[in-house]
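Respectively, the protein sequence lines represent chains A and B. Using my numbering, the letters of the first sequence map in sequence onto residues 922 to 1404. Using my numbering, the letters of the second sequence map in sequence onto residues 283 to 740.
Hints were generated in silico from the structure; no laboratory data involved.
Listed below are the simulated SDA-like cross-link pairs for lysine to any residue, each with C-alpha atoms no more than 25 Å apart in a straight line:
#1 Lys475/B - Asp984/A
#2 Lys284/B - Thr1096/A
#3 Lys981/A - Glu304/B
#4 Lys509/B - Asp488/B
#5 Lys981/A - Glu305/B
#6 Lys1182/A - Glu305/B
#7 Lys1304/A - Ala316/B
#8 Lys725/B - Arg979/A
#9 Lys983/A - Arg303/B
#10 Lys540/B - Arg550/B
#11 Lys725/B - Leu1071/A
#12 Lys983/A - Ser616/B
#13 Lys983/A - Glu305/B
#14 Lys728/B - Val672/B
#15 Lys983/A - Gly474/B
#16 Lys1104/A - Arg303/B
#17 Lys284/B - Val1070/A
#18 Lys983/A - Glu304/B
#19 Lys728/B - Val1070/A
#20 Lys981/A - Ser616/B
#21 Lys1304/A - Ser315/B
#22 Lys1104/A - Asp348/B
So you can see what is in the structure, the chains are spelled out below.
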Amino acid sequence: MNWTVAQRILGLLLMMFSVTMIPPLLISAWFQDQSWLPFVESFAFILLAGLVVWFPVRGKRKDLRLRDGFLVVASFWTVLGTAGALPLFLADVPSMSFTDAVFESMSGLTTTGATVLTGLDTLPESILYYRQQLQWFGGMGIIVLAVAVLPMLGVGGMQLYRAETPGPVKDTKLTPRITETAKALWYVYLAFTLACMFGYWLAGMPWFDALCHAFSTVAIGGFSTHDLSIGYFDSTAVDLVAIIFMLLAGVNFSLHFFAWKNISVRHYAQDPEFRAYFFVLLVLSSIVVFSLFFLGTYSDPNDSFINGLFQSVSIATTTGFTTANYAAWPGALPVLLIFASFVGGCAGSTGGGIKVIRWLLIAKQGAREIVRLVHPSAEIPVKLGHSAVQVRVVDAVWGFFSVYIVVFGVMLLAMMSTGLDQVTAFSAVAATLNNLGPGLGEVAAGFMTVSDTGKWISIVGMLLGRLEIFTLLVLVTPTFWRH
Amino acid sequence: MKILILGAGQVGSSAAYHLSREEANEVTVVDISADVLRELQDRLDIRTVVGHASYPDVLERAGANDMDIIVALTDADETNMVACQVAYTIYHTPTKIARIRAADYMNSGKLFTQDAIPVDVRISPEQLVCEYIEQLILYPGALQVLDFANGRVRLVGARADKRGSLVGQKIAALKEHIPNTEGRIAAIYRDGKSLQPDGDTIIREDDEVFFIAARQDVRVFMSEMRKLEDPVRRVVIAGGGNIGVRLALALEQTNQVKIIERDQSRARVISEQLNKAIVLVGDAADEELLLEENIDNVDVFCALTNAEEANILSAMLAKRLGAHKVMALINRPSYAELVESGSIDIAISPQQVTIGSLLAHVRRGDVVKVHSLRRGAAEAIEAVAHGDAVSSRVVGRKIEDLKLPRGTSIVTLVRGDQVIMAHHDTVIESDDHVILFMTDRRKIDKIENLFQVGVSFV
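Isolated chain B (complex conformation):
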């Protein structure tokens, strides 16, 4: 597939990285800075073009006239929108994806139509990150919570501790512990390596367990892995940027939210936007301020400023001062690896969250969702089976008969409102949402092929 990425910022670079690793893609990246592009081209097998991303001339040089997908990820919403408009009007690019930050644009429904601003898919990293954190706060103890089939099914990652009732036992014992709920353990990571779980696998302390369950069963499942924590009540957010404010807005009705912002005038602005949350002016790494605000009673401390180093340090400080759980927004994967094993409970990587939803739209076949797990080492995919037994390679077949690549398993099906846990003899029907889990993402093109309806039968 020919893919044009506009903007080589954090999200743009990591999109280029993920897409160019797949054999079938040809990736071209446009950016205004020649230095950034040179550095990127040294690492990746891509073509780069220097220029302003929305100028027709630049798009022309980048080969926009035969692109399959254009992904606009520059800093400016306006540039992204105009680039999509240009691509649609002049080059008739079939799929146009743009990052739109401003909520005002996102919320005006009629704006993004073919005869106004033709953006097929809008991605708002801030919104995605914010939802991601919300989920984590909703399920205390979870490392990662991902929605499938419009939230009917959730994939949850949690670290097993010895107070979980299943820890130290075989997975098969799950049936006796909670006979009435259905769920699946999709993957286990032990010491950073993945295990292919079966009924005889014994769950040990400190294993990272990923399980899938219907929304209402998630808490029951979670209690099998670790002692259930009390619901989160007190939240402190460090950094009053876009993400911080969004999160505060989302949480302030149900939780006690405090938000710390360094800049006086910015604090003023956000205090006007927020209704119940308390806006504090000060430095999130100021010990006195944190103690004064009873940091030792806080359930969750989120460091969400733009500076990742500051996030790491202030989260570590908060942890030492007694915050129950701390999260930090960290862009660099290497930093995340460093801190997550030790002093910080959860490292949130905005680019990884964004990349997942971006990749879903770049897939062939009807792939609805792609979530990256463990910083891209594994992937969970939701794909829709279409066609009939003749035209499709999955419909009408038992799961055991499917030719799945190694390290891939089908975990769950969602049929209408019904959630069906996959067994080896489950037959897939048309329009089923199939949730797969794969530990080797380079095989993803095989999954795409599997879910593509045969061309000759359409």
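With the rest of the complex left out, here is chain A:
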């Protein structure tokens, strides 16, 4: 284990993170909302903490090994969740306990979007902005950003990148240099954010709301500046803009990169994961829209259409915006939507869940077993598009899937033992582990009523979900620490 190198990078990353306290300060100055102090304090504290960690080992320049990558990413996300909670904890309005502040900050960074705050509409703008900004940094990954702007990470950058990016196949680089790849991803991300903000603004949002919601939309986060979420605006145009950008952000960003580079959209249609993603969403939203229509939940068919479509996309991509109280929808619809969040976004997107490509591979294996029953001696590789998937990858998918189920089960039991009923506990675990946000039952609007123990379990769940379990899990195995 290369402690000193990990420590050096951790210190650097913390110092970099302290800079993110400056934009909320500017917002605070702009709106004169009198809550600049917590940001100044947090800035100073995090910078100092980073300096203290970095200074003793500043000269150590070894390459990062594979193991160190896991250690850095896992510890950075843990430390960041806590450090990011500082301004919320220190602020007078809202006054939050330490647990609540960490919950809110982790929910932001992991792009979950579950909240413990009520009365958002009355909070200072800088605090509101800060929550959205946390989601934005967490969406593409703050470590990917670090790899892009800190060139000294070098080869080690690849280890960090792999430990943070979601998906079963992490070796594909967009460009030969990892720094360039990280930059490319962030450029695409930034472009989407600006486009989304412009779209919201055109649809009638004030610029501040447009900026804040653009942050949480492209990050597939789900935080809002209003208690009623997107429903506050009560505008079909806003809903449509949100739907479009949630859809785009749930797609693998390397597809967007190639679209931008080759100025062509043809490869979207050729990508098997994109097709599956689109197909799932299409089927899901049709079921939801028709059910709402035939069960007569809404008197106006247009409402059925727009609310059904919005909630389907929002929940299935694991964003978690709401325009309607979907938890009160009739029949199996609420549970169907929660189930859809297990699918989540594509690999390499900002979405959560198990990821479309893993489901696709699992489904293809199911199909393969059927063919094998008919032709027992056939040699049938699992194929994506026209190329066979490596056996290693297929194995890894199954490994991930089973660990996901086990973690889910353990967390479900833990949540129920804190006194939650089964529906609430189930949806709360799904909402955190899939980085979705809102659940059903007691947690339909937020996690305010959950006990402190329950909140800490959720914090662990959100982190596990964002880092796709293994990055965190590997640290608690004896194999990792054995030399």
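With chain A fixed as given, assemble chain B onto it according to the hints.
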């Protein structure tokens, strides 16, 4: 620079390693084996593409359409040639370098033209290694012999021993010892660390000294470092592969050559190719065979089989049985470090020999030769100064006025046929071949910039 490397074998991997370490390069590697590539990508900051190296589709995925250089280093000559052809025809890649093993291809002059097989630079590792060993045999006592300016100047590395007349004295004494020859001591390595030599540096026993001298003066210089050895007469080569046979062919007219090959039928084939050399069938690590062939009288024993472990062991055995000097072909740098300090006199690293000539073609500016020394720790470069005092940053300037990066020194100039040892006030003229020595190769881009003719003046 965007560089596409085809084939992630030994030479391909080490090319990727050296090139990707330089900030300015973007390296993509293509290979047929996903496992090899995954392992490579873990270590290096490169992009990898799995596929057959000469297929247009694979090259397309690897981004061939905006590559500056394509380096084909797969096992098969044919794949390399076709890959260059594809890159030229479809993607108009400006520079195409290919490894060509077969001498038949290399020797047919008209083959490699733009309208036949457009390979700009052909590299034959076997030929390079063979020439390298030939030089070492020509200068007994040398650890490394490198040619510059078409062989007019040679850079020689030798280990000082106490019988050399300069050992124990200051470098400045060189002028009195050999007043009529000009040469330069470029670098000294003591206990594995480099010293920046000046006139007051005292040469000690066991120092590794690199000096540059005109071809005819090399032997005189060598006698300053160590007792001159007699010219090599008897050579035994273990391993009748491509390199072994080439070397035997090159040496058999001037030396007594014996070549040991394990395989009966292969021995038959090479015995037909060779005229004077004796082909022995047997195991190079067979003590009886070696003794029977008078190993204790052999001047040089070269272990050149494909198996490096076998090379090391048979060379050690030969040394113990009394061979005067033993060399072994060793691929892994770590093995070379291990054995060279002890039981084996010279470890020959084919990839290092190849990499040097490969890197020369990847350089910007008019860099003619790049030689790696001491397994890549240092580099000797031959660059040509072009342009005039306005467009070039070197022409018309005194050496002391040049802004050279640290650890870099200009050692020699070659002007036409004349070899000029560099002094601080020597003025560089256009078309001079400048030979530089650098101990920190990461600074090489600064040298490239120095020798590039300013774009705005062309």
